[in-house]
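Trainee: Read top to bottom, the protein sequences are chains A and B.
Under my numbering, the first sequence has 101 at position 101, and the numbering climbs by one with no breaks.
Under my numbering, the second sequence has 128 at position 128, and the numbering climbs by one with no breaks.
Calculated directly from the structure, the hints in this document are not laboratory data.
Fair warning: there could be bad hints in the mix.
Claimed, not checked - Straight line, CA to CA, 20 Å or less: simulated PhoX-like cross-link-like pairs of lysine-lysine:
# : chain 1 : residue 1 : chain 2 : residue 2
1 : B       : 335       : A       : 13
2 : A       : 87        : A       : 77
3 : A       : 31        : B       : 186
4 : A       : 77        : B       : 53
5 : B       : 345       : B       : 335
6 : A       : 25        : B       : 186
7 : B       : 62        : B       : 49
8 : B       : 49        : A       : 77
Stated by the list, open to error - Label pairs and their computed distance ranges (CB to CB):
#  : chain 1 : residue 1 : chain 2 : residue 2 : range
9  : B       : 339       : A       : 72        : 28 to 38 Å
10 : B       : 336       : A       : 79        : 39 to 49 Å
11 : B       : 92        : A       : 28        : 29 to 39 Å
12 : B       : 291       : A       : 55        : 40 to 50 Å
13 : A       : 28        : B       : 309       : 40 to 50 Å
14 : A       : 85        : B       : 281       : 51 to 61 Å
15 : B       : 86        : A       : 12        : 42 to 52 Å
Stated by the list, open to error - Calculated Cβ distances over 12 Å to all of chain A for the following chain B residues:
#  : residue
16 : 45
17 : 47
18 : 58
19 : 94
20 : 118
21 : 168
22 : 205
23 : 267
24 : 282
25 : 290
26 : 318
It should be emphasised that the depicted structure is a prediction, and the values quoted were computed from it without experimental measurement.
Even glycine gets a Cβ: it sits at the ideal position worked out from N, Cα and C.
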Amino acid sequence: MTPSPPQASASLKEWPLWEVFVRSKQGIEHKHCGSLHAADAQQALQMARDVYTRRQEGVSIWVLPSAAITASDPQDKDMLFEPAVDKIYRHPTFFVIPDEVGHM
Amino acid sequence: MYTQSFNVPDGPGGPTETATAVTLASASQQIALAQAQLRFDAVIDADGKIEPKDWMPQAYRKTLVRQISQHAHSEIVGMLPEGNWISRAPSLKRKAILIAKVQDECGHGLYLYSAAETLGNSREQMLEDLHSGRAKYSSIFNYPTLSWADVGVVGWLVDGAAIMNQIPLCRCSYGPYARAMIRVCKEESFHQRQGYEALLTMMQGTQAQREMVQDAVNRWWWKCLAMFGPPDADSPNSAQGMRWGIKRVSNDDLRQKFVDATVPQAAVLGVTLPDPALQWNEARGHHDYGAIDWDEFWATVNGNGPCNKERLATRVKAHTDGQWVRDAALAYANKQSARRSAMNKVAA
Chain A
1 MTPSPPQASA
11 SLKEWPLWEV
21 FVRSKQGIEH
31 KHCGSLHAAD
41 AQQALQMARD
51 VYTRRQEGVS
61 IWVLPSAAIT
71 ASDPQDKDML
81 FEPAVDKIYR
91 HPTFFVIPDE
101 VGHM
Chain B
1 MYTQSFNVPD
11 GPGGPTETAT
21 AVTLASASQQ
31 IALAQAQLRF
41 DAVIDADGKI
51 EPKDWMPQAY
61 RKTLVRQISQ
71 HAHSEIVGML
81 PEGNWISRAP
91 SLKRKAILIA
101 KVQDECGHGL
111 YLYSAAETLG
121 NSREQMLEDL
131 HSGRAKYSSI
141 FNYPTLSWAD
151 VGVVGWLVDG
161 AAIMNQIPLC
171 RCSYGPYARA
181 MIRVCKEESF
191 HQRQGYEALL
201 TMMQGTQAQR
211 EMVQDAVNRW
221 WWKCLAMFGP
231 PDADSPNSAQ
241 GMRWGIKRVS
251 NDDLRQKFVD
261 ATVPQAAVLG
271 VTLPDPALQW
281 NEARGHHDYG
291 AIDWDEFWAT
301 VNGNGPCNKE
311 RLATRVKAHT
321 DGQWVRDAAL
331 AYANKQSARR
341 SAMNKVAA
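Please model the complete structure; the sequences and the hints are all you need to start from.
Mentor: As structure tokens, then:
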């Protein structure tokens, strides 16, 4: 993976925080497993290897600067997710199909 | 390793709080706060999870920062008593195992510092609290590891006691702490088993080796029982911790569980647990055990154990000696970054 500069800001004073994602095996998605401090992306990758894959937990690692994540606000939870609540017809079990049709 | 944060007061000054209390300006803000508190209580009552960006009471945040950072400090200081034995391990196999275990402890510290950072405290500040003595770590590490058998006993009993404490924490109401504990518990099982197996090997050796194991058990047993913290009646903060779903099982219940689990393990190993009052109580369905020396426990907590000063000094020295490495990595990262932006400008 190509290392991306943490933030194009002025020089860093402390090791920034990185989020670590590990693919446990080929065919499975990368999953968030934790975070760590590192001076740059290469070092973050090496440290993620040491911290999160000491027991063959992964075959691939992503690291990205925590500061680069944009997260939804928990206070907006209702506004964001409530509209899906009354749309149960989006689930297959909403539709009653005669038994003789079999699996559908 | 685990924390005693519910039982033990902080050092002078107490840990530094980064998060500041919000001053409420208007009635509408107070209503919003009351509603937020209701939502929080509802989640806790339903045994749900609180995540970093969710609203939480200041006291809940403060309790968590204190507990998680102390837990992290315990993992880090916990490397020292065993680290002393890496260069003295009796075989290459035992040496490799011990290195792996000590490396795990370091990783556990890191998972926990990361979890504490999600509450708004900086890593640097937490380290500063440890190094200045404001924050505590588990008192068990203020005792010396005198022989190779101590390394086995620390794995079997100290880590065994830690596992008892840590398993309920996997269900902690604070999501990042619970997730860190799940990871820690998975790895901790190796720690206990390697210690027990090392002792089994020694028990099959010479008489001198068997005596060495018994001596180590004699010295660590009572200290491990004290690790669970004072009796429930003397642990005033436990109730609030239970209410918040941070503490799940009481000190005395965990201690009893540990005693019941350890007695048969000691029998298989062929060692005697140094407590004449230790016996099975049919009526209770548990083992009875003798009185713990709490004066000794508090003396150690309050800085007067055999190794308190040495442990902290070693930890501070390691941090100070590593400063140039951290500086060099940062200087390199900054230079690379500056070079990249210069090249980008040329390209543009």
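Trainee: Now look at each hint and say whether the structure bears it out.
Mentor: These are the hints, each one checked on the structure:
A C-alpha spacing of about 13 Å is found between residue 335 of chain B and residue 13 of chain A, which places the hinted pair at or below 20 Å, so the restraint holds. Restraint check: the Cα-Cα separation between residue 87 of chain A and residue 77 of chain A comes to about 17 Å, which is no more than 20 Å; the hinted pair holds. Between residue 31 of chain A and residue 186 of chain B the alpha-carbon distance is near 18 Å, which keeps this suggested pair within the 20 Å criterion. A hinted pair counts as satisfied when its Cα atoms are at most 20 Å apart, and residue 77 of chain A with residue 53 of chain B qualifies at roughly 12 Å.
Restraint check for residue 345 of chain B and residue 335 of chain B: satisfied, since their Cα atoms lie roughly 15 Å apart, inside the 20 Å limit. For the hint pairing residue 25 of chain A with residue 186 of chain B, the CA-to-CA distance comes to about 19 Å; that is within 20 Å, so the pair holds. Taken as a hint, the residue 62 of chain B and residue 49 of chain B pair is honoured in the structure, with Cα atoms around 17 Å apart against an allowance of 20 Å. With a CA separation close to 15 Å, the supplied pair residue 49 of chain B and residue 77 of chain A stays within the 20 Å bound.
At roughly 36 Å, the beta carbons of residue 339 of chain B and residue 72 of chain A sit within the given window of 28 to 38 Å. In this structure the hint that residue 336 of chain B and residue 79 of chain A lie 39 to 49 Å apart at CB holds, the actual value being about 42 Å. A C-beta distance of roughly 35 Å is found between residue 92 of chain B and residue 28 of chain A, which places it inside the suggested range of 29 to 39 Å. For residue 291 of chain B and residue 55 of chain A, the hinted distance range of 40 to 50 Å is satisfied, since their beta carbons lie about 41 Å from each other.
Taken as a hint, the range 40 to 50 Å holds for the pair residue 28 of chain A and residue 309 of chain B, whose Cβ atoms sit roughly 49 Å apart. Against the hinted window of 51 to 61 Å, the Cβ-Cβ separation of residue 85 of chain A and residue 281 of chain B comes to about 54 Å, which satisfies the hint. The hint said 42 to 52 Å for the Cβ distance between residue 86 of chain B and residue 12 of chain A, and at roughly 33 Å that hint is violated. The claim that residue 45 of chain B lies off the interface holds: its Cβ sits roughly 18 Å from the closest Cβ of chain A, which is beyond the 12 Å cut-off.
A cut-off of 12 Å between C-beta atoms confirms that residue 47 of chain B is not in contact with chain A; the least separation is 19 Å. At the 12 Å boundary, the C-beta of residue 58 of chain B stays outside the reach of chain A, the nearest C-beta of that chain being 17 Å off. A cut-off of 12 Å between C-beta atoms confirms that residue 94 of chain B is not in contact with chain A; the least separation is 18 Å. For residue 118 of chain B, the non-interface assignment is contradicted: its Cβ lies about 8 Å from the closest Cβ of chain A, within the 12 Å cut-off.
No Cβ of chain A approaches the Cβ of residue 168 of chain B within 12 Å, the least distance being about 21 Å, so the stated non-interface status holds. Once the 12 Å rule is applied to beta carbons, residue 205 of chain B is consistent with being away from chain A; the minimum gap is 30 Å. The Cβ of residue 267 of chain B sits about 31 Å from the closest Cβ of chain A, beyond the 12 Å cut-off, so the non-interface label holds. The non-interface label for residue 282 of chain B is consistent with chain A: the shortest C-beta to C-beta separation is roughly 42 Å, beyond 12 Å.
For residue 290 of chain B, the non-interface assignment is confirmed: its Cβ lies about 39 Å from the closest Cβ of chain A, beyond the 12 Å cut-off. Listed as outside the interface, residue 318 of chain B is consistent with that label: its C-beta sits roughly 17 Å from the nearest C-beta of chain A, beyond the 12 Å cut-off.
Checked against the numbered hints above, the structure violates hints 15, 20; every other hint is satisfied.
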